[in-house]
Amino acid sequence: MDERELVDRCIRGEAGAWELLVDRYGPAVHDAGRFTLRRILGSAQDEDVENVYQAVLLALCDKNAHRLRLFQGRSSLKTWITSVTARFALNYVRTEKRKGSLKYAALDDAAGDLPDRELLEGDPEDRERLHAALEKIPSREKLLLKLFYFDGLSYRSIAELLKMPVNSISPLLLRAKESLKRQLVTP
Amino acid sequence: MNCPGSETIAAHADGRLEASESALLLEHCAECDSCRRELGILVQPIPPGPVPAPFRARAVKAITRSLARERDRSPLGRLRLAAPRPGGGPGLAAAAAVLLAVAGMVALVLGRGSEKPEPARVVRQTGYPTPPESPLAPPGPVVSPRLPPAPPEREAPRAPEPSPELRPADPKAEDRLVPAPPPPPEPLPSVPAGPRFEETRPEETPARPSHTVLARTLGDVQLTDVVGVVTVKRRGAKESSTLPAVARLGEGDVLSAPRGASFQIEGRHPVVLGDATSVSVAFSAPEQAPWIQIRTGEATVDSTGPTHWIVSDGRVSVVIKQARARFSTSPGEDRLRVACLSEPLVVQPDGGQVYAVHAGEELQIGRASAEVRPLDREVLARKIAAFDAARPRTRTIFYTSCDPVDANRGHFFLQEGSWFKSEQKNEALLARDQKDKTVLASIAPNPRFTWREGLVLRFRFMTNIRSVELALRVDERRYTLTKTLPVDRRSIHQWIPAEVPLAFGSLGFRRDDGQLQLTITTQDHFDALRFGARQQDVYDAQKAYLLVDDIQVVEKEKE
Chain A
20 MDERELVDRC IRGEAGAWEL LVDRYGPAVH DAGRFTLRRI LGSAQDEDVE NVYQAVLLAL
80 CDKNAHRLRL FQGRSSLKTW ITSVTARFAL NYVRTEKRKG SLKYAALDDA AGDLPDRELL
140 EGDPEDRERL HAALEKIPSR EKLLLKLFYF DGLSYRSIAE LLKMPVNSIS PLLLRAKESL
200 KRQLVTP
Chain B
7 MNCPGSETIA AHADGRLEAS ESALLLEHCA ECDSCRRELG ILVQPIPPGP VPAPFRARAV
67 KAITRSLARE RDRSPLGRLR LAAPRPGGGP GLAAAAAVLL AVAGMVALVL GRGSEKPEPA
127 RVVRQTGYPT PPESPLAPPG PVVSPRLPPA PPEREAPRAP EPSPELRPAD PKAEDRLVPA
187 PPPPPEPLPS VPAGPRFEET RPEETPARPS HTVLARTLGD VQLTDVVGVV TVKRRGAKES
247 STLPAVARLG EGDVLSAPRG ASFQIEGRHP VVLGDATSVS VAFSAPEQAP WIQIRTGEAT
307 VDSTGPTHWI VSDGRVSVVI KQARARFSTS PGEDRLRVAC LSEPLVVQPD GGQVYAVHAG
367 EELQIGRASA EVRPLDREVL ARKIAAFDAA RPRTRTIFYT SCDPVDANRG HFFLQEGSWF
427 KSEQKNEALL ARDQKDKTVL ASIAPNPRFT WREGLVLRFR FMTNIRSVEL ALRVDERRYT
487 LTKTLPVDRR SIHQWIPAEV PLAFGSLGFR RDDGQLQLTI TTQDHFDALR FGARQQDVYD
547 AQKAYLLVDD IQVVEKEKE
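Protein chains in written order, with our numbering: chain A, 20 to 206; chain B, 7 to 565.
Next comes chain A alone, as it looks inside the complex:
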């Protein structure tokens, strides 16, 4: 059964098709949920991973599969589901943080693993100046800096995202830093 057929059968509410979907794409949901939580929080509790895993699968199915109906086949089903999961997990972190129910036990241990935090922390005035300067540089450079420093993506991942060769990222990043520096010294 190909992707489209599976989606169509799920939309028709066939329980067997849903089970197949959970078997084929559940692992992607699970991995993406865990990965996203780890990226944002530094660690992922099993409970949170399951919350995301179950909520995403259920959201696809609920209300007569209205979420799954949004899938039009412009990407592969796996990438789409991963994308939906990532978005859901990001929202989950935001709402759970508000409720105060997420645990940050391992956050400090994992901090070394995370993006350059000096840019995010430090003096609030400096931070404000930095963000103001970021607004003034070209959007491509801004994106590059945010991906590298805020999100902590590797050169390889950035290259993948921008659809560019890996070896062009380093000079681009250098140039972006130069223009940011110019903005900072000459306000």
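Among the clues, some could well be false.
Reference listing, derived: stretches of chain B covered by chain A, where coverage requires no fewer than 3 residues with Cβ under 8 Å from a Cβ of chain A [stated by the list, open to error]: (1) 27-36; (2) 45-58; (3) 279-291.
Within a straight-line C-alpha distance of at most 20 Å, the following computed SDA-like cross-link-like pairs (lysine to any residue) qualify [said to hold, decoys possible]: (4) A:182 x B:262; (5) A:97 x B:562; (6) B:67 x A:81; (7) A:182 x B:24; (8) A:82 x A:35; (9) A:82 x B:314; (10) B:562 x B:529; (11) A:196 x B:562; (12) B:67 x A:47; (13) A:97 x A:42; (14) A:182 x B:32; (15) A:97 x B:13; (16) B:67 x A:35; (17) A:116 x B:451; (18) B:67 x A:69; (19) B:427 x B:446; (20) A:116 x B:40; (21) A:196 x B:67; (22) B:67 x A:65; (23) A:116 x B:414; (24) B:427 x B:438; (25) A:82 x B:70; (26) A:116 x B:24; (27) A:97 x B:51; (28) A:116 x B:534.
Since the hints were made in silico from the structure, they are not lab data. Owing to the predicted nature of the structure, the values given are computational and were not obtained by experimental measurement. Glycine is no exception: its CB is placed at the ideal position from the N, C-alpha and C atoms.
For this one, chain A is given, so just place chain B on it according to the hints.
Quick look at chain B alone, frame taken from chain A:
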């Protein structure tokens, strides 16, 4: 800012987006943190790992339930569900299910007009009803093979003779009535004779819809502010007991009031029981609505919020939609009565048409018909007076019995502490040891409640520490109201009821900025209720602990 959908982001990650569209997306990502992060996740190598088996099992279960709910919503699906009646064994329930399914299909085909075949030709023989979890047959006009003559004894009742031609009436019906599975290997003990086929065939299209009591998944419901004498006979219990001020009830528990009594459902909907009234209350999961079964007498419900209600007399049941109104209900002679005392009600008998019932009108619902009748003015006045006399005079603003069920239903968020299960199977909130040598339990009520005059906080606690501090935190204005409750040595290891008026005279406060003046306003939301104690204050050299249970904030009605 309009964010692109997940599919656009996924298509870019897959390299399937047009260059111009990709450029637009990247430009958006430079500004939008959440889209950038989402795309960032997609382009990174995600380490694969196994999905724990319980995760998968629970997800599949949840999906199956969701699919079943969806089917129940479709009109045809409703007919499939017949409630097992008390006293009716599984055989009878199955018989009812088959009977209804058959009747439903007949009705369906009859309703189609032009393609109306002989009713006899659309009746399908079925074995036993398939469980809803079973993978469903693919849709489409599947012509099932001619069935061999059935073995003499079957689990489910059947038509007296196999019909000559078996055709599905509708692809959807096919989904529900899967072709008969092979007969059970050994003959089962015979069951009481099922309905005869002739009985299931209506002579003509029924003028009124047939009201079928839907099978509902019923959960527990919380009762608070009990006023007057109400006894409860728990399911399976031999004797009745008096209902405490706060209780959780489910299907099968029967409440009885010899004379006028009242309580609130879910802390916000007052319900008044008339003289010699007996009801059951529960919470219907599919509709997320309180469910009331009226057995004798009369119950008046003041629905104060936009919620559905399910009212049943055991034979028929109705859904009262999104009511913010007062209505009373009583079982008549084989008719359920629902009278409207204030704003109009929208009432739908299960499987039937929708009725609007205005103030001063009564809907009488029988098995196969329903009608709206005006109420006598005196009767109406009497009903309203009876309600006013007996209704609760306090209002519960916030209540929790401090167990995971409440937390899962979003009554509150657990911020600190864990669940403790006592011998009485009653769960309580156990304070957790903190690094600063204190124990702390903290919950955030949802929705948060604001301060106002006349609020009283009630709870009970058990500890072995000399004094317990109650703190109510207001984040926005950065202050904490506090109250210290001393614990007598003789009352350690026992439940101690506490009642704290949330008024200036009885509370202390701490401001984050250290100032010594404070004005409380009615805009101040309480973000957290904390119960803490210092470990060093423990009596004897034991491990310090603090249990908190049944937290309730009530507002007393002003005279």
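How the hints compare with the structure:
Only when three residues or more bring their CB closer than 8 Å to a CB of chain A does the claim for the segment 27-36 of chain B stand; here the count is 5, and the claim holds. Restraint check on the segment 45-58 of chain B versus chain A: 14 residues with Cβ-Cβ distances below 8 Å, three needed, restraint holds. Counting residues of the segment 279-291 of chain B whose beta carbon lies closer than 8 Å to any beta carbon of chain A gives 0, which falls below the threshold of three, so the coverage claim is violated. For the suggested pair residue 182 of chain A and residue 262 of chain B, the alpha carbons sit about 72 Å apart, so the restraint of at most 20 Å is broken.
For the hint linking residue 97 of chain A to residue 562 of chain B, the alpha-carbon distance of about 56 Å lies beyond 20 Å, and the restraint is violated. Of the supplied pair hints, the one linking residue 67 of chain B and residue 81 of chain A holds, its CA atoms being roughly 13 Å apart against a limit of 20 Å. Taking the CA atoms of residue 182 of chain A and residue 24 of chain B, the gap is near 12 Å; set against the 20 Å cutoff, the hint holds. In summary, the hint linking residue 82 of chain A to residue 35 of chain A is supported, as the alpha carbons are separated by about 18 Å, within the 20 Å threshold.
For the given pair, residue 82 of chain A sits about 18 Å from residue 314 of chain B by alpha-carbon distance, which is consistent with the 20 Å threshold. Distance hint between residue 562 of chain B and residue 529 of chain B is fulfilled; the C-alpha atoms sit about 19 Å from each other, no more than 20 Å. A hinted pair counts as satisfied when its Cα atoms are at most 20 Å apart, and residue 196 of chain A with residue 562 of chain B does not qualify at roughly 64 Å. Restraint check: the Cα-Cα separation between residue 67 of chain B and residue 47 of chain A comes to about 19 Å, which is no more than 20 Å; the hinted pair holds.
As the CA atoms of residue 97 of chain A and residue 42 of chain A are separated by approximately 12 Å, the hinted pair is consistent with the 20 Å bound. Restraint check for residue 182 of chain A and residue 32 of chain B: satisfied, since their Cα atoms lie roughly 11 Å apart, inside the 20 Å limit. For a cut-off of 20 Å, the pair hint linking residue 97 of chain A to residue 13 of chain B stands: about 11 Å separates their Cα positions. Proposed proximity of residue 67 of chain B and residue 35 of chain A is supported: the alpha carbons are some 12 Å apart, at most 20 Å.
A distance of roughly 15 Å separates the Cα atoms of residue 116 of chain A and residue 451 of chain B; the hinted pair therefore holds under the 20 Å criterion. A hinted pair counts as satisfied when its Cα atoms are at most 20 Å apart, and residue 67 of chain B with residue 69 of chain A qualifies at roughly 14 Å. With a C-alpha separation of about 17 Å, the suggested pair residue 427 of chain B and residue 446 of chain B falls inside the 20 Å cut-off, and the hint holds. For a cut-off of 20 Å, the pair hint linking residue 116 of chain A to residue 40 of chain B stands: about 16 Å separates their Cα positions.
A hinted pair counts as satisfied when its Cα atoms are at most 20 Å apart, and residue 196 of chain A with residue 67 of chain B does not qualify at roughly 52 Å. For a cut-off of 20 Å, the pair hint linking residue 67 of chain B to residue 65 of chain A stands: about 19 Å separates their Cα positions. Note on residue 116 of chain A and residue 414 of chain B: the hinted pairing holds, with a Cα-Cα distance of about 17 Å set against a maximum of 20 Å. For a cut-off of 20 Å, the pair hint linking residue 427 of chain B to residue 438 of chain B stands: about 15 Å separates their Cα positions.
The hinted pair formed by residue 82 of chain A and residue 70 of chain B meets the criterion: a straight-line CA distance of about 13 Å does not exceed 20 Å. For a cut-off of 20 Å, the pair hint linking residue 116 of chain A to residue 24 of chain B is broken: about 37 Å separates their Cα positions. For a cut-off of 20 Å, the pair hint linking residue 97 of chain A to residue 51 of chain B stands: about 14 Å separates their Cα positions. Distance hint between residue 116 of chain A and residue 534 of chain B is fulfilled; the C-alpha atoms sit about 15 Å from each other, no more than 20 Å.
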